[in-house]
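Number of protein chains: 2
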Amino acid sequence: MSRVYNFSAGPAALPEPVLRQAQAELLEWGGQGASVMELSHRGKPFIEVAARAERDLRELMGIPEDYAVLFLQGGATQQFALIPMNLAESGQTADYVLTGHWAQKAAAEGAHHVKVNIAASGEADDFTAIPPRESWRLTPGAAYLHYTPNETIHGVEFHHVPDVGDVPLVADMSSNILSRPVDVSRFGLIYAGAQKNIGPAGLTLVIARRDLLARAGQPRAKILRYAEHAAQDSMLNTPPTFAWYLAGLVFQWLKAEGGLGAMAARNRRKAERLYAAIDGSGGYYRNPVDPACRSWMNVPFTLHDSALDAAFLDESQAAGLHGLKGHKAVGGMRASLYNAVSEEAVAALVDFMGDFARRHG
Amino acid sequence: MSRVYNFSAGPAALPEPVLRQAQAELLEWGGQGASVMELSHRGKPFIEVAARAERDLRELMGIPEDYAVLFLQGGATQQFALIPMNLAESGQTADYVLTGHWAQKAAAEGAHHVKVNIAASGEADDFTAIPPRESWRLTPGAAYLHYTPNETIHGVEFHHVPDVGDVPLVADMSSNILSRPVDVSRFGLIYAGAQKNIGPAGLTLVIARRDLLARAGQPRAKILRYAEHAAQDSMLNTPPTFAWYLAGLVFQWLKAEGGLGAMAARNRRKAERLYAAIDGSGGYYRNPVDPACRSWMNVPFTLHDSALDAAFLDESQAAGLHGLKGHKAVGGMRASLYNAVSEEAVAALVDFMGDFARRHG
Chain B
1 MSRVYNFSAG PAALPEPVLR QAQAELLEWG GQGASVMELS HRGKPFIEVA ARAERDLREL
61 MGIPEDYAVL FLQGGATQQF ALIPMNLAES GQTADYVLTG HWAQKAAAEG AHHVKVNIAA
121 SGEADDFTAI PPRESWRLTP GAAYLHYTPN ETIHGVEFHH VPDVGDVPLV ADMSSNILSR
181 PVDVSRFGLI YAGAQKNIGP AGLTLVIARR DLLARAGQPR AKILRYAEHA AQDSMLNTPP
241 TFAWYLAGLV FQWLKAEGGL GAMAARNRRK AERLYAAIDG SGGYYRNPVD PACRSWMNVP
301 FTLHDSALDA AFLDESQAAG LHGLKGHKAV GGMRASLYNA VSEEAVAALV DFMGDFARRH
361 G
Chain R
362 MSRVYNFSAG PAALPEPVLR QAQAELLEWG GQGASVMELS HRGKPFIEVA ARAERDLREL
422 MGIPEDYAVL FLQGGATQQF ALIPMNLAES GQTADYVLTG HWAQKAAAEG AHHVKVNIAA
482 SGEADDFTAI PPRESWRLTP GAAYLHYTPN ETIHGVEFHH VPDVGDVPLV ADMSSNILSR
542 PVDVSRFGLI YAGAQKNIGP AGLTLVIARR DLLARAGQPR AKILRYAEHA AQDSMLNTPP
602 TFAWYLAGLV FQWLKAEGGL GAMAARNRRK AERLYAAIDG SGGYYRNPVD PACRSWMNVP
662 FTLHDSALDA AFLDESQAAG LHGLKGHKAV GGMRASLYNA VSEEAVAALV DFMGDFARRH
722 G
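Protein chains in written order, with our numbering: chain B, 1 to 361; chain R, 362 to 722.
Because the hints were derived from the structure by calculation, they are not lab data. We put the beta carbon where it would ideally sit given N, CA and C, even for glycine. Heads up, some of the hints might be wrong.
Output of the computed footprint for chain B on chain R, the stretches with three or more beta carbons under 8 angstroms from beta carbons of chain B [claimed, not checked]:
| id | segment |
| --- | --- |
| 1 | 383-391 |
| 2 | 420-432 |
| 3 | 455-465 |
| 4 | 501-514 |
| 5 | 551-561 |
| 6 | 621-628 |
| 7 | 679-691 |
Looking from chain R toward chain B, a few residues come up when the C-beta cut is under 7 angstroms (computed) [claimed, not checked]:
| id | residue |
| --- | --- |
| 8 | Arg364 |
| 9 | Val365 |
| 10 | Ser369 |
| 11 | Gly394 |
| 12 | Glu399 |
| 13 | Pro601 |
Just chain B, with the same shape it has in the complex (with noise of 0.2 angstroms):
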């Protein structure tokens, strides 16, 4: 067989020129004469490939001097806890901001570390709009405020950074960093797990202004402290140093592509073009999201009878259209856009739906 559409939202789609190098150098890698995972992390070989997978990250993104890129273990998830224990004295309060699943995960884990303040939740409309800016209660001197700028599962997206003044405004991108250019100095800290736009699952970026890593935080040990890891380069143990050579390659692919601003081009024409053929069914496919917030990333949608779920996923799967499935908190199906979903993998989605409708219609 040959490679399919991958539509899964995360492990997700690489760009098949990065799987391609790879894979030609699996055994062998820069005239080392081992794959590039069986070289120590702390001889020049792999440094040189740490070391340009940040220094291209910080050039796609345009990240400032006075932030520390550090690439991490332990997934998103982790840094729920982390954020808090670094940035938050025990005790003090931290605005977030709920949009979906994934801000309501990070304000339950760092209820552990922090007083947590729900400041806006979409809850009531079941996700599928962003409260409006002037109805969040912010904390006069909140350690920081946390938002999500795209949900994974709901499918709601910031396609603005929200004002919250002076306090350090703390972003989980996971699902939609490098999918188009953003301002990282409007930001305190950045952070996503790599499986969506950056790379394989097991790494983690979070991009922070430095001034912040040196607050006092709560007691904990040296490998749960930010600072550590940036003053050691995100070497204090060993990193997942194959997943970060496969984000290098990756960033080095985006700069081939012409970057973020071509990326966001192509990105909101997939969207648009799976949304219009929505929209335009006629109410047999349906996605629930306030037009103004809707994702460029992740597209959820449901069929007008659930019934057909069981043969739409068969007929597209058979169609080479894989990871469709939507997550079961708001059933139907979902597909994800990531950089690495081709336009044409978008057209051949949208055929397929036009001709399902009318095959089930």
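Based on these hints, arrange chain R on the given structure of chain B.
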């Protein structure tokens, strides 16, 4: 060029058949039309990969049913913190036996979460010997006793499991797991970073008696609790799927090679051959470790004149023998002889060492 003999301490050599299989199926795995690293961890195909890896590991090590096996992120260093957080009440005492650098690190990180009693230390002897069991000062009712069965830097290995009565024995097996059979039922908890004998960096195994996971422990986020990971089959959040898959291939390779008994015989032959070359060099090469506790996995050695170190490293590299530079804490050279390092590699190293001594006598 072709593949070299790789004596790196970690990340370290992987079995070539494992890398060849991973290479062959890197873009299209298991009839899925996608790389295994592009698949959802919640989908049936990956869950089967994960379950098979656990089954094979249980078979290889003879892990009893009342032990949980966790595939985690964070490295052994993160476990230095999680072990006291999970197995001890705040303020409780845990015993630590210091036999080298890694045991010291474990005790230092442990001290953030538990009262550390140094039950024994080989520091006065520069960690060249293991303090005799009868000299250990154990704490009655200790939460656990932590020790390091193999010290990667100092090259000191326990060849027997110490008897500590009813206190749960916690072992950092990062550098000797799977190198020989071990009676898992003697342990409360075994942990190991993957990057020596298991797979690529970014995966950590924890094998723990289930009753210990029910301990109340200290306040902490869900993601830091072993019991939560166990309840979710290590899928509390997205696991490092590609590393887990590769570890599974290593386990299959170990079974095909005859299991841990066969590995032990091979590892013993490799180590004996190298130590014999060192001891038989008339003082040209030296290993300072008490012969009763010399490591089979990591063999540090010095040259009689450290002015020759640079030439030894240059010439060994040119001869296709890589990764021999010793750790800065002990200087000189180090040859790591993990499972994936062949007897042929050790023979080549021994030949080179003899030749070097003749040429630079």
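So which of those numbered hints doesn't the model satisfy? As far as the earlier hints go, 2, 3, 4, 6 are violated by this structure, in ascending order.
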